[in-house]
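K.L.:
For reference, the chains in residue letters:
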Amino acid sequence: MSRNELVQACIKNDKVARHQLIEQHYGYLMGMCRRYAKSNQQAETFFNQAFIEVFKHLPEYHDNTSLDEWIKKTFLHSLIFQLKSNRTEYYITTTTRVEEKKAHTDLFHQTEDQDPNNLLVEDYINALQKLPASFRAVYNLHIIEELSLKETADILEISEDSAKNSIERARNEFLKNVNLKMQGY
Amino acid sequence: MQDKKPHRINEDALREKFTSYRVSFNPSCLEILENEVAHVKTHASLELPDTKKLVRFGGIFLILIAIGCAAFFTYDYVKNMPASAPEKDTVAAEKPIVQPTPEPQPKQEAAPAVVKADTIKAEVPKHDTVMPVVTQKTKTALKTYPPQVKNAAPKKDTSSVTAINPAQVDSVKKKAKADTASANKNQQVKKKKKKRKNSLDATEDIRQSEPNSSDDDVVIPNN
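Going down the list, the protein sequences come from chains H and B.
Residues 0 to 184 in numbering that gives the first Met the number 0 are what the first sequence lists, from first letter to last.
Residues 0 to 222 in numbering that gives the first Met the number 0 are what the second sequence lists, from first letter to last.
Pulled out of the complex, with its shape left as it was, chain B reads as follows (with noise of 0.2 Å):
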């Protein structure tokens, strides 16, 4: 029944059993454990000072480097400094005053553009009064070169083709009724051109005369 029961230890005792406790040497695993730690001496022995000389070596040349690098280009610096900079300064400031003054004379030049708005309403009215201008000038055109187209053409096709080949005359003179022919037609669409202009224009000069014919119109019935 005592075996049974559950026992607490007695851990001072347990601890001294334990600190007191040898394993009795044996020399196989010494053999193993050398060639371990052979290798890892090696090793060892090589990395550490090795790596310690090489950071400390690289590590001063690198700072004398970088010291000697920074020193030479802050004097090169230094020295363009007076020469260059200020005037790198001055253009990049004056460049953008520059270049939006020009930029916006021209706007303002063109924007005559106001003046067209005094043409416009100059022009506006006048997209009813323009026709009847322009068609005056077709019209003295008109008037002046048709005659005298009529009369060039033909006699300068006939003198010419006269004077150089006798044989070739027939095909001129085709040629020269077809000239007439188109300028016939010509002529008639001009002159279609100005009967609707001048029926235009008589409505125009009625409107311009009784510009309130509809305020009489609606008048009549009252009386």
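Only chain H is shown next, with the shape it has when bound in the complex (with noise of 0.2 Å):
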């Protein structure tokens, strides 16, 4: 079945073909979804709820555009809107982590590139998963996801420099989780 077939079948509400292109995508998407969630148990419901959403607007696709592409993209901003939907997590402790701290950052003793080797991925993943909600979409977007500063400014709706701001201090939350996972904590 080619993918043009496999997503007139699935727009048909063909069981067979919506389970094919789930199996298809599951891998790599439920990657994706660990990355933004804090925790696996959110990146299931995230998965889910990203995919109810990439089926409701299927009819909408078109050829021209490859599926996979087309799916990430479905999947991204359904990610995005979920972070934000859950204001308490997304913007309270964003707020209150960052004045946490604020006296510990100090970029002019790092200087030492670390090697990913040296961990596994579902370190780094559960390193992500400690950051603010923001940060962690922040991170993704920018850095993972290789998105220009406006562009993640865009998605965020906020301003390039806060944009710019919280990337700076993500980057430098998730180096300090990655040491602590690094020193066994």
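Everything labelled a hint here was simulated from the structure, so no lab data went into it.
In this text, a Cβ means the ideal position worked out from N, Cα and C, and glycines have one as well.
Be aware that one or more of the hints could be misleading.
Stated by the list, open to error - Here are a few chain B residues that face chain H, going by a calculated C-beta distance under 8 Å:
hint	residue
1	Arg7
2	Leu13
3	Tyr20
4	Val22
5	Phe24
6	Cys28
7	Asp178
8	Lys189
Unchecked claim - Which chain B residues stay away from chain H? Per the calculated CB distances, all over 12 Å, these:
hint	residue
9	Gly67
10	Tyr74
11	Lys173
12	Ala182
13	Leu199
From the two separate chains plus the hints, produce the assembled complex.
P.N.:
Structure representation (structure tokens):
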């Protein structure tokens, strides 16, 4: 079954086609959800909600774009929406954490590069999951997804200056979490 | 000591790690998702085409009905325009012109209030003089009527009483006496009024004949 046939079958509410589409994209998309969520359990709920959005908007898909890219983009917007919809996690915890860590950040001492092969991917994902929701979103969008600063700011509906500021803070916080992981905490 | 130093992460390598990261497929998650997606799909498949069709059909019908109604009412309006509209306009324009004119006219007619001003000029000085004029008329009326009343009232009573019931004569006589008594009282009052009026007339005559008597009085001390 080709991609277009698969999409058409999913639009016609074909259960087998739907299973096939989910199975094809499960691995990568679930990994993506784990990066944006605060835990693996929340990642599963994010995944379900995002895939529901994919099926809702599947009739809007056109052949001229890649299906994988289109699904990834839809997932990305759904994940950000879900992150922001939980206001207590996204806004309140962010401000409290930032106030706490202001005294501990010192960029001039960060001289040596950290080799990512020293740790497992799950450890890095755990380090990401410990970040506040807004830092997690900014870090994923700008550094992992390689979106520009303007695109990141547009998606998160913030100014570029605040996006830049929060990226720097997220970097420092993530580095701190990775160091803790490396020290065995 | 090396472990305690902070490090900078190689973000490119980290990005590659994350993008190549895959989670093994979990069929239990698929079942949960399938249940949710099945509900959503049914709702979506039913809602989207139905609403679109309804909007299209309903919109077309509504537009056609609106156009038809508009054409019909405009046609009727245009039909009725020449007969009714100009008359209404002219009537509406005439009424306000006609209405104000009659109203002021009676006011102007009544304005012989101006005449009142003349009369007032005549009357205001007359306030003193009117009294004698009125009294003179009453004098004549009193002079003529009272004797007739005096003569007529008792005569009529007696004649009628004697003719009808001799038993009621006493009561009739009493009534006649009361009438005569009241008539006498009236006469006395009238006489008093006459005297007063006469005295007033006399004083007025004196005033009229000697309007500057006060001046004269003032002049006397000079001599």
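K.L.:
Evaluate each hint against the coordinates.
P.N.:
Results for each hint:
no. : hint   : in the structure
1   : Arg7   : holds (5 Å)
2   : Leu13  : holds (5 Å)
3   : Tyr20  : holds (4 Å)
4   : Val22  : holds (4 Å)
5   : Phe24  : holds (5 Å)
6   : Cys28  : holds (6 Å)
7   : Asp178 : violated (111 Å)
8   : Lys189 : violated (108 Å)
9   : Gly67  : holds (36 Å)
10  : Tyr74  : holds (46 Å)
11  : Lys173 : holds (113 Å)
12  : Ala182 : holds (111 Å)
13  : Leu199 : holds (106 Å)
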